[in-house]
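Chains as they are written, first to last, in the working numbering: chain X, 1 to 239; chain H, 240 to 642.
Source of the hints: derived by calculation from the structure; they are not laboratory data. All of these numbers come straight from a predicted model, not from anything done at the bench. For each residue, glycine too, the CB sits at the ideal point set by N, CA and C. It is possible that part of the hints are untrue.
[Stated by the list, open to error] What follows is a set of in silico ranges between Cβ atoms, one per label pair, in the way DEER data are often shown: (1) 445/H <-> 45/X: 42 to 50 Å; (2) 363/H <-> 183/X: 25 to 33 Å; (3) 58/X <-> 330/H: 27 to 35 Å; (4) 183/X <-> 443/H: 33 to 41 Å; (5) 127/X <-> 404/H: 16 to 24 Å; (6) 400/H <-> 126/X: 16 to 24 Å; (7) 429/H <-> 127/X: 33 to 41 Å; (8) 167/X <-> 385/H: 57 to 65 Å; (9) 66/X <-> 397/H: 39 to 47 Å; (10) 187/X <-> 418/H: 25 to 33 Å; (11) 12/X <-> 607/H: 52 to 60 Å; (12) 63/X <-> 607/H: 52 to 60 Å; (13) 607/H <-> 126/X: 23 to 31 Å.
[Said to hold, decoys possible] In silico DMTMM-like links for lysine to aspartate or glutamate, alpha-carbon gap of 20 Å or less: (14) 537/H <-> 493/H; (15) 107/X <-> 37/X; (16) 395/H <-> 438/H; (17) 49/X <-> 346/H; (18) 508/H <-> 489/H; (19) 15/X <-> 317/H; (20) 395/H <-> 439/H; (21) 194/X <-> 34/X; (22) 508/H <-> 550/H; (23) 49/X <-> 34/X; (24) 137/X <-> 159/X; (25) 49/X <-> 349/H; (26) 603/H <-> 533/H; (27) 137/X <-> 326/H; (28) 616/H <-> 550/H; (29) 603/H <-> 399/H; (30) 137/X <-> 507/H; (31) 508/H <-> 493/H; (32) 107/X <-> 54/X; (33) 137/X <-> 346/H; (34) 137/X <-> 368/H; (35) 537/H <-> 557/H; (36) 107/X <-> 126/X; (37) 15/X <-> 349/H.
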Amino acid sequence: MQTQHIMRSFDDELKYLADQIAAMGGYAERMVAEAVEALIQSDTGLARKVVADDAFLDEKEREIGERAVIIIGRRQPMAADLREIVGAIRISSDLERIGDLGKNIAKRVVAVTEGKQPVRLFRGLEALAGLALTQLKEVLDVYASRSVERIGFVRDRDEEIDAMYTSLFRELLTYMMEDPRNITACTHLLFCAKNIERIGDHATNIAETVHHIVTGRQLPLERPKEDKSHKIVAGPNSS
Amino acid sequence: MNAIDEQRRKVAKENGAQDAESWSASMRAAMRRLLTRRAGPVVADEMPAGTSAIDDLPAASLAAAVPDPLYVFNRNAEILYANEAADRAFGATVAGGSLRLKFRAPEMHELIAKATGGGEESVAINYAERVPVERAYRVVASRIGKDTGLFVLLFKDQSEARRIDRMRADFIANASHELRTPLASVAGFIETLRGPARDDPKARENFLQIMHNQTQRMARLIDDLLSLSRLEMKPYTKPGGRVDIVQLLDGVVESMRHLAGESGVTIEKALPSTPIFVAGNSDELVQVFENLLENACKYGGSGGRIVVSAEQKGPMEEVRATVRDFGPGIAEEHIPRITERFYRVDVETSRAQKGTGLGLSIVKHILTRHDARLSVKSRVGEGAAFTVHFPPLPPSPAASQDS
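The whole structure should be built from the sequences, with the hints applied where relevant.
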């Protein structure tokens, strides 16, 4: 760990912040991927590791926050530099939340895998996680390369994640109605799916922050919201 | 003027103590190490330093010639150079961009820290990207020269090995699932026979018949699984023998007459009178056509007839062998998937016909080994044609003697 890093210039300080964001991003990506893997493979050991990894993100978020405050106080940055620093604070808190959501998925592994669950329960979740992870990777790549022209994709994919989440919600509900023994696992899986959907939202937040850092403008407010799961009911006609 | 030369100057200026000349010498040495590691020690022996052309090559052109992704970076993990393979695999980079931002995985950060922290000359890890496509690499970070302050990061693609591992794991999961169903059924009937049906001879006879069918199904499944895993043990080595496909098809048709008769199907042969040779293993190809004919009888038997044909349009044209049935046909959406393991167009029919869900997987696997491929043409209501396309046999002196 490079906490006793000696600061030479303002540029170095900004680079250091970006590198810390990168480290957090790497952890967050790995946590989400491993949490879902642990769930699908019923791997409680891996799940414990994910839970432990979350401490790193908490610590880093604090460190970035403190350092950002020191930089602002000492350097009095303006315009792009200020956006960069404030953006780092915001991104780090989104990443920390993503870590929490990943941790929450990992914590449910034991409950879900208590009885042997059929593979089909996990198929939709795996696909949903794939979408969210791609989303997260994409926005962090945009942060690294500053190529904001790719941000349009990110918002589109958010819509895709929401649609997928809605369909997964319906599917899990069907399994519960088919066989009450599925209820425990499916309830946990519903929360996992919701967590993954939230991860997608945080990724979209990061994309908006990056857009603001690079261009100085906010993205238009109207944001796609396709989560229609609040309308789904377990009625006799739903299939 | 390319980026690395500019960077070279910049770095040389920064390092002060050493001039561009000594940097480029050590860079060359490092690149040579890199290359000889890939090509074996022979190159180093045959080309003593100072006498060969390699000393005059610019480092960038050497790095560009490396087919695997390669980055050159400095102590601050700033990317100074990325070769074309790197751009292709991981997207373009700007000179001076942060390597830590590019590769965020915790294990990569550790690797970079270890490499730049001094100590070992080179460190290696396994690195995997999960999305959007799964890719796995062996990554080596090495110091370039003694004190250039430069490092090289080299990626070796291992995705294929990883995919095969994954395929195997999936397969085991599928297989155990397929075996569990008949096993549960047998267990259930044993329980019934011990309990409620103990003194009911009629039910007993009935149940024993069902159990017999289920155990046979398990036996067939195990047979198919074994032959599939045997095939997987020896992948991509092409069988060396020569087979007369006309004679082979003739033999297979004769051996299948019995089954065809049971299904009420007649098999017609449309085979040429002269032999057609293809490269292959005769036992494995017999299995291919037995499976295809068996499928035609089972699932296309309602058409009443099956046509087996073979043709080669010219001496250097591909050889085609076709099994055509006139049954219900296969719907369009199923055709791309029917060679998947345990994929069944219609589970009920498959179970009734004692299918294992592995027949076409085995066919596809054998054909891949033979450099041949399977094509399926079908329309609902008009039957299906399964055609095997073999590459033409290269002309050899032995061929004229045999034929």
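Broken hints, numbered, in rising order?
-> Of the numbered hints given earlier, those the structure breaks are 2, 16, 20, 30, 35, listed in rising order.
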